[in-house]
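Enquirer: Going down the list, the sequences are from chains F and P.
The first sequence begins at 1 in this note's numbering and counts up by one.
The second sequence begins at 325 in this note's numbering and counts up by one.
Heads up, a few of these hints could be off.
Distance ranges between label pairs, derived from CB positions [said to hold, decoys possible]:
| no. | chain 1 | residue 1 | chain 2 | residue 2 | range |
| --- | --- | --- | --- | --- | --- |
| 1 | P | Ala512 | F | Leu79 | 52 to 60 Å |
| 2 | P | Lys555 | F | Ala91 | 19 to 27 Å |
| 3 | F | Leu245 | P | Asn536 | 52 to 60 Å |
| 4 | P | Glu371 | F | Gly166 | 32 to 40 Å |
| 5 | P | Asp449 | F | Ala146 | 43 to 51 Å |
| 6 | F | Ala91 | P | Gly537 | 31 to 39 Å |
| 7 | F | Tyr36 | P | Lys360 | 43 to 51 Å |
| 8 | P | Thr584 | F | Phe254 | 21 to 29 Å |
| 9 | F | Lys75 | P | Lys483 | 53 to 61 Å |
| 10 | F | Phe254 | P | Ala566 | 38 to 46 Å |
| 11 | F | Pro70 | P | Glu502 | 50 to 58 Å |
| 12 | F | Leu100 | P | Thr581 | 23 to 31 Å |
BS3-like, lysine-lysine: derived pairs with alpha carbons at most 30 Å apart [unchecked claim]:
| no. | chain 1 | residue 1 | chain 2 | residue 2 |
| --- | --- | --- | --- | --- |
| 13 | F | Lys173 | P | Lys567 |
| 14 | F | Lys75 | P | Lys717 |
| 15 | P | Lys466 | F | Lys75 |
| 16 | F | Lys173 | P | Lys561 |
| 17 | F | Lys173 | P | Lys555 |
| 18 | P | Lys643 | F | Lys75 |
| 19 | P | Lys406 | F | Lys75 |
Source of the hints: derived by calculation from the structure; they are not laboratory data.
Note that the Cβ used here is the ideal one computed from N, Cα and C, for glycine as well.
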Amino acid sequence: MAITTRPPTQRPQPGPAAPQRRGRPARHRDDGRAGYVFLTPWLIGFAAVTAIPMLMSLYLSFTDYDILTPWSEVKWIGLDNYQRMFGDDPAYWHAVRVTLIFAFIATPLKLGSALGVALLLNRSFRGSGLFRGLFYLPSLLGGSVALAMVWHSMFDRSGSINAILGWFGIEGKAWVNDPDTALGTLILLAIWQFGAPMVIFLAGLKQVPNELYEAAEVDGAGALRQFLSVTLPMLSPVIFFNLVLETIHGFQGFTSAFVLSGGTGGPVDSTLMYTLYLYIRGFANYEMGYASAMAWVFLLTIGLVTVVLFRTGRFWVHYSDGDD
Amino acid sequence: MTAPRMLRGLVAAVIAMPLALLGACGGDDGSGSDGKTELTFFWWGGEARAKLTEQALALYKQKHPDVTFKTTWQANQGYFDKLATLTAGDGAPDIFQIDDNYLAEYATRNVTEDLTRYKDSGKLDVSRFPESLWKYGVVGDKLAGMAMGENTQGLVFNKTKLAAARQEPPRTGMSWEELISWAQRAGAATKVAGTMDPSADYKALWVWLRQNGKEFYTGNQLGFAKEDVQKWFELWKGARDAKATPPADVIHEGNATDITKQLVVTGKALTSWVWANQMPDIQKNTKDELGVVAYPGDPSAQWARASMYLSVYRGSKHKDVAVDVLNFLANDPEAGKVLGTDRGLPSNLDIRKQVAASVTDPAMKASIALEDELVKKFGASPSVPPKGHATVKTELVKAAEAAQFGTATPAQAAEQFVTAAQAAISR
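Construct the complete structure from the given sequences, taking the supplied hints into account.
Expert: Structure (C-alpha cells):
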C-alpha cells in the first residue's frame, strides 16, 4: 500500500526543483509509515503495560483504592494520601532515611571499587579475561533472590563470616539480624555487585588515547599525576554515566532487603527501603492508593536527582570534541 | 491510506487493545451450553496438600461428572499478594483458601460470599461442627468462610535434648513464671536456650491477655491498654535478662512465620510457640523428637481456632456448585479420609473421630491428643480479628524487637505498638 502512493519514477526527469522537493516528503512519509508498522507491537505493549498502568496509578494515588474493592467503589480523596505521607506517617520518613543512607553510601563505594578494579584489569596479563569475567559475575546474578539468600547465610550467626572472624578470636553475631548492622550487610552486598559499572569503566579506559599518557610522561608526570590529569578527565563521561545509573539503582534497592528481612524491612525497620515500604503498604496493608502516591513521589524524586546530577555534570564532565 | 489516517488507526488500536483484552478476560463464565461447570480453586500449601486436595476433588468429580476443577496452589509466601491481585482484576477464584489474618479484610470489602443462607438451608451443613468453630467464620453478621480444620496454640518442645540432659518437659497448666524458670534451668543443663522469646508473637500475647481478663480485640477496637503490653514486654525482658531465651539476633530469626526458621527446628531453643496443627510439619524438619503442650497459664484462655477457611468468591458465577464442593470437602466421610488432618483437625466431629482413629504419625497424634485434652477446657472463641490485623501483627514484631534489641524500653515499645496498632485498625 505504501508503494502505490509514491509518484512514478521521477529520477530521470531533469525538470525544475519543485517536483523533486514534492517527492522527497512523500518518501519520508513512507519511511515513517513503515516505521510505525514495525513499531506497532512495541507501541501496543508500551500502552498496555506501561503508559496506561502509569496513568491509572496516578489516578489511584488520589483515591483510597485498596485492591480488593471494585473500581466502581473507589473514592476520590484528593491529596489525602500525599498529606498523610508527608505529615502523618513517621515510617515513611524512616524509609526515606534508610534509602538515602543506602544510596549515598553504597553508590560511591560501588563506583570506587568498580573503577579501582577496572584500572587493575585494564592491562593485559595472563588470565585477565578470566578475572574480568569473575568480577562481572556477581552483577549478572544482580537482583537474584538466591544471591540474597547466600548472603544471608554468610552473615548469619553460624555463617562463614563469623567462622573467619573466629580464626582471629573475634566472636561475631548474626549481622543480618541486628538492627545496627543489617543495613550494612545490604550495602556490602550492593558494593560487591560492582561488575556492571566495572565493565563500562574498562570500555572507557580503552578509549583513552595512549599518546596522552606518552605526552604526560614526557612532561614528567608520575602515575598519580597521569591518573588525575589524563585518566579521570578522559573518563569523566563514563563516570558520569555510571554515576547516574547507579544512583538510580541505589534508590531502587528492593530484592536484597526483601529477602534478607523476609519481606518485613526488619529487624526494627533497619532495612525498610522505600520500595519495600511501598510494597508492604500496597500488598500487605492493602493501601494501594497510598502506595501509588508513594510511587509517584519516588518517580519525581529520582527525576529530580537525575536533573541535579546532570546540572553538576556540566562542571566536571569533560567531552573531548575531537579537536584536541 | 494516508499517514495521518494510519496514525489515527494505530492510536485507536493501541487504546482499544487493552479494553479488548479486558473484555476477553471477563466474558467467559466457563459454563457452556453442554452443562459443564468449571470451578477455579486456589490454596496455599505444600506438595502433600496439593495431592490430597486433588484426590478429594477427584472423588467429587466421580459423583458429579459435569463439574471440572482448575486448581492452583503455591507456598504461603506471596499467596495473599496473588489473591489480592486476582481479586483486583475481577478474576478471583470461585473457591479460595483464607485464614483469620485476612478473612475480615476480604469479608468487609464484600469479596467473600455470605454463606449464611446456605448454612440455614442446610446446603452447607455445619451441624456437626463445634459451634464456636463455624462461628469463627462470622465477620459482622456474615458467614464469610467455612472453617476447614481446627487448631489451637501449642508450645512445642524438644524431647530428645531434654531427655539427654535429664530435664523434665514443660507441662500444660504451668504458670508463665514457672515456664521461664524451667527454661532457665533446662537451658543451662542442655546448653540450648530454654524457650523462644514470644513477646513478638500475637497469639502468645493474646492468650496471656485473656488470662488477665482482657482480649486482643473487642469488636473493631484493641481490647487492651498500653500498660498491658508494657507488662508483657517486661515479663520477657526479665526472661531475656535471666538467660531463659536466646539473644535478640537469634530471637529475630524465630520471629519469621516460616516454620523452618522456628528455633525448635533450627536447634537454637528448646521450645517454640506455634499452632498445634503445625506439629507434623515442624517434626519433619528436625531429627529430634518433639512434644507439644498448651501455652502456660490457664488453658481455658485458648480457643478452637479455624486453622483456615474455604471461601466462595462473591463474583463467582457458580456459587451453588462451589458451596456444594465446600460441603462435600467438610462432610463427606470419604473426602474426610483422604484429606486427613492436613488442614487441621477436621471440622466435622464425626469425621474427626474417624480420622483420629486412623492417624499413625506420632507428631499428628500428639497434636490431636493436646486438642482432645483441651477441647473440654477451651474458652469461647473471640471474634475474628478485624481489618488491619496483618498490620497489627507486623507492628507488634517491630515493637517487641525494639525492646529485645534494647533500642526502646518496654514502656516505649508498648506505647509505639499501641499507637501504630490503633492507627492500623481504624483506617
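Enquirer: Tell me the hint numbers this structure goes against, listed in increasing order.
Expert: none
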